[in-house]
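Novice: Okay, here's what each chain looks like letter by letter:
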Amino acid sequence: MAKNPEHRDLFPGALEMMILQSLRLKPMHGYALVKHIKQVSEDLLQVEEGSLYPALQRMLKEGLLEAQTGTSAKGRPTRIYRLTAAGIRHLESEVVSFERMFAGFTRVLAAAKA
Amino acid sequence: MSRFSRFFRNRRFDDISVSIQEHIDERTDELIGEGMSRDEAERAARRDFGNVTLLHERSREVWQWQRLESLLVDLKHVCRRLGRSPGFAITVLLTLAIGIGANTAVFSVLNSVLLRPLPYPEPQQLVSLHLNAPGAPGLSEFRSELRLSPSMYFTFATHSHVFQSVGVWGPGTASITGIAQPEQVNTAQISGGVLETLNVPAFTGQWLTAADQDPHGLGRVMLSYGYWQRRFGGDPGVVGRTIQVNSQPRVIAGVMPRGFKIVNYDFDLLVPMALDPVKEILAGFGYRGIARLRPGVTIPQANADAARLLNVWMDSWSNGPGSDSHWYLRWKITPALEPLKETVVGSITAVLWVVMGTIGVVMLIACTNVANLLLVRADARQQELAVRSALGAGRWRIARELLLESVTLGLLGGAAGVAVAYAGLRLLSAIGPVELPRMSEISLDGWSIAFTLVLSMLSGLLFGMIPVLRYAPSQQRVTLLGAMRTASVGRERQRGRNLLVVAQVAMALVLLVGAVLMIRTFLAMRNVDPGFSDPASLQVMRLDIPETLVRDSVTAVHMQNSILDKLAAIPGVSSAGFAAAVPMSGGEPAWNEILIEGKTYEGDNPPMRLFNYVSPGYFHTAGTSFIAGRDFTWAEIYNMQPIGILSEGLARELWGSPQAAIGKRFHEFPNQPWYKVVGVVQDVRENGIDQVSPATVYWPSISHDLFGPGVVGARRTLDFAIRTNRAGTQTFINEMQQAVWSVNSNLPVADISTMQEIYSDSMARTSFTLVMLAIAGTMALALGILGIYGVISYAVSQRTREIGIRMALGAKKAELMWMFVRSALVLTGVGMGAGLGAAAVLMRLMRTLLFGVSPLDPVSFTAVPIVLAMAAALASYLPARRTAVVDPVEALRAE
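Quick note, the sequences are listed as chains A and B, same order. Quick note on numbering: the first sequence equals residues 1 to 114 in my numbering. Quick note on numbering: the second sequence equals residues 115 to 1009 in my numbering.
Quick caveat, the hints were computed from the structure, so don't treat them as lab data. Treat the hints loosely; a few may be bogus.
To be verified - Simulated pairs of lysine to any residue, SDA-like, Cα-Cα distance not exceeding 20 Å: (1) A:K74 to B:D139; (2) A:K35 to B:D143; (3) A:K61 to B:R514; (4) A:K38 to B:G147; (5) A:K74 to B:G147.
It should be emphasised that the depicted structure is a prediction, and the values quoted were computed from it without experimental measurement.
Make a model of the complete structure from these sequences and hints.
Specialist: So, in structure tokens, the structure goes:
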């Protein structure tokens, strides 16, 4: 569904992490999340709508998020997603393991260059 | 999928639709802002989104899939955890299998006997015709209600507005000759209308009809399915064959289907009553009436119509020339129709409900024990549960897991319980009480299985709820902080288990009191002098000499006399005699009032008396002792001397003392000679140990017939009683039959039993209840003691540190042990207090089952608490002893 060949699939868990991190700033609705990630990553990352909503549902189910009905910036009814305590803990542990993995990648890549 | 869960699924689905719609709208707005037309913008926004339906689908899948998947995962965990602690799993499953199995078995009996409709079409229309006769004094002493006379049957059949059909019937026996050896079979004598009322078609052939009861015609007979198979090998050509019934040829009209009974009576042969409306009189109230109501007719309407018909009855018949047709007004006869099912089920109703309640309580106790075990297990998992809770597992998630475990246990236990119930029912039908009605219909049907399923689920939820209530609330953070061993948490946990013990003790007490009351009832019945002695060495059999075989009455009596001589000559026999009916056999020869010399009864009814007809030597053989006077002699019998013997109660009632009665005179009818009292015998419990002894007149077995001077009447169906220490053995029974056949080879012998069997049968209801309550009470006691033991040993293990400190501070071992025993006794005391209150209320419900003991019997209400307290003391002493081996240094270091 990638409409742009530059947008490759994210690695597993990355979308979750980005959603959690974004919602850590403030509760948002789905569209706002997409815009937020696009902006913050300076257009490097773009969330596919086709992946976003199932992911949100899954995270709701796992208790990482809560949702409540609210209104969007334009005043239309929508669902606002909010991080739960479990979501925060999950995010923290994910970030720790991501950073460890990232450091690993970096070293491997650096060794290859040398 | 339930409507409930679908509703929730759709809610979530709609929610995400809102989200997606809003997303598309915003994107559209944005694109319009970038200069697209609305149409283009909308299309582009949707295109960005891709396939919305697919997206919905995938979002929905998240819920569906995960739910099922996680349930399966949880179930796998549950099974693995149970497999890791097989001791726990086996204990719980055994407890549940026995508890649920016992409940299922009793429910099956209850369901088959009480709840399931009778096996006739439209059974709700069937009634039995009982009459009350409060104005007939003495009647209630030997029977609770008046039955119907043939003339009543004719009146009801002809004039009723409420009945579709009506009939009367009675059990009897007949001798069948000419097929094999002479055979005595059980017959149901039926009037026309009985088969129409029950409305079960013949298996083959035709029903008997009203035409068959014509005394001048050749009445046909019908066979039961069982007799057809047994005697005719199921020969389909049997219809139309002729057999000899009481030496009279009868044509077989048909065979009734398998399992068919007349009300609750299992017969071999259906024989039509020979009834002639012209010759019938008002009296002869010996027949059981059944009727089928017209659709929509209620019992009160039927009673009103029957009351009207009783007047028609008195207007239409008489008791012979010169008698007063409206004499029965004095009896104040009122109809008391009841649903046929009540007649069939009878007094067993109370027993079954008591047993069901009892077994239900045992199940509750079993559940508390399992709950206790689960609590201990949950305690052990507390750290794990706390960690998971801290990691974000919701309350519901943990509750679900705990409940899943308990419900799984419940269902597994239920499955095993069905097997236990099946075995239990097989056992019950092998050893069960003979008097249990509808015994052959008892089976595990769909209702029983549904009952088991519901019971398993409910008990799973019940004992699962207790650990859930304790552990699912997210108060686990405290525990995570290492407060595992703080006194406060321990005590709180202990409180839940203390409550369980109190409940168990209370329930065990109720059941034990019930069991002890039944034991006391049984003993009280055993202590009653039944009016005969040493029933185990008293052989009984029934013998009928039909008029078709021996026409002359005096010849028949001579034949009976020589049979007695032959029987007395068998080696090992000490004496023999006969009576028209031996006690408790259900036989009821006759009853009427008697008039005594020198007393007038104007406008006043003399009470009804039970009549029996005995041979000389019968009382000696039965072990019924003479209080005054003497026995009949054979010479007096053959001379037809007008003499009689009275029961002690009757002699006292009429003349003040047994001695005063000797030589006094009485008779049945004014035109009869006076009968002189020659003897008074002790009272006999004719209708069962728990029923009062009826006032009884014993007549000689032969007399001048009332309805014609010079005509002699003799009793032709008699119970023979033989005193021998060989009673009940097959060789003796064979010799007995040979003795009878040596007098006449066409005489069948029937209803062979020992008096002990008759005596035990009359106590069957009590002994059945006793055994069931004793089993339940023992289970309750054992489970209760286990509960106390478990709680105290847990308390000891939890308080090791405290014990150590106390010991270090100089506490004596005995004091520490007493501390634990005391707490167990306090719990027991509280439980007993509650149990005594409940028992005082509940035992009143058992009143109808008790005999010679009060529902608040002080012995039962003191003995049971004492035994329970002693058991509790022992159950707590054993674990408390372990405090003695606690080493204070070790205990403190362990922390």
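Novice: Does each hint fit the structure? Answer for all of them.
Specialist: A quick look at each hint next to the structure:
1. A:K74 to B:D139: Within the cut-off at roughly 10 Å; holds.
2. A:K35 to B:D143: holds (14 Å)
3. A:K61 to B:R514: holds (15 Å)
4. A:K38 to B:G147: Holds, because 18 Å separates the two Cα atoms, which is no more than 20 Å.
5. A:K74 to B:G147: holds (14 Å)
Against the hints set out earlier in the document, no violation occurs for any number.
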